[in-house]
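Going by this note's numbering, the final residue of the sequence shown carries number 338, and the count climbs one at a time with no gaps.
I should point out that these hints are in silico values taken from the structure, not numbers from a laboratory.
Relax, there's no trap hidden among the hints.
Below 25 Å or equal to it, Euclidean Cα-Cα: the simulated PhoX-like pairs (lysine-lysine) are:
no.: 1; residue 1: Lys-184; residue 2: Lys-37
no.: 2; residue 1: Lys-279; residue 2: Lys-317
no.: 3; residue 1: Lys-83; residue 2: Lys-37
no.: 4; residue 1: Lys-37; residue 2: Lys-55
no.: 5; residue 1: Lys-192; residue 2: Lys-203
no.: 6; residue 1: Lys-37; residue 2: Lys-91
no.: 7; residue 1: Lys-191; residue 2: Lys-144
no.: 8; residue 1: Lys-123; residue 2: Lys-144
no.: 9; residue 1: Lys-303; residue 2: Lys-203
no.: 10; residue 1: Lys-37; residue 2: Lys-123
no.: 11; residue 1: Lys-32; residue 2: Lys-123
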Amino acid sequence: MLEELKKYKVIGRKDDIDYIINDVFGEKSLTKRDAFLLSVNRSKNQFDFYAILRLLEYFKLIISENDKYHLTKKVKEMQGNKLQFDLWFINEIIEELCEKNYLTNQMFEFIPSKQLYLFRKEYFDLQLSQLRDLLVSYGFFLLERENFITKFYIAKNYEKKIEDLLSKKSRAMSLQDLYKKMQEDAKIGELAEQFVINYERIRLNNCSQYPIKQISVVDVNAGYDIASFKSEKSLSYDRFIEVKAVNIKCEFYWSKAEIEAARIMQDAYYLYLVEVAKMKYSNYIPKIIQNPFKNVFKSEQWLLEPQSYKVTYAN
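All chains, full assembly: derive it from the sequences and hints.
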């Protein structure tokens, strides 16, 4: 619906909505043309009848039956209480804007001196400015003009609604984004591990007497991903590989369990840093670091930056 409204340069104001609902339709059932002809009698304000009709249709305030339009039971129940209707209608519009991400928490800034939320109108879709202006007429936005600049603030009685909607949306989006990132990271990590397994097979000329094992699919606490061999002469697993899919800067996260495994295994432990963008090249060789506890964790050539701390009350 919001995309459809973009084709209209203007919708109208609160009074125009009231006029279409109460004076044009009321108890009548009208064709679109007849309703339009009745609406043109209202000339004191500029509004687009068809934009208003589409808006009212979307929110199920008007329906079409046998080519004639009439008000729904929902709006008729609220016709006697203008305040109830206005609050309901604004809430419906705001919920739709939030749901479709036309209103996001990046568009609001709390101004302590005003004790109000400033609406950053420059971030709002310009093609929906007519809907923004409609909300102004309903009192959702408060305008302040200073030095030829118009500022939009959220009216106090709508703050809680915006806070609830954006909080709910933010939590949902954060969880979705986190889940999506986890899926993407897992997929990239799996591709990197498969690349290393194939690399190891080639390195060993496919001659190892035991299969190279992808330990990570079963034992997530091992501290390494792959059990391999140092050479074709190895009689048992003696090369334990932690695979990290990295960017060109070779940045990666290293867990406490992985660091501890590297400390214990020393020269038998290897880090394979695989640049994701280069995996497609047949001659690509990943960066291989033997004994990373010594050559990374204890080395001044690598910068270790703590990202978080586990905090426990000691008393």
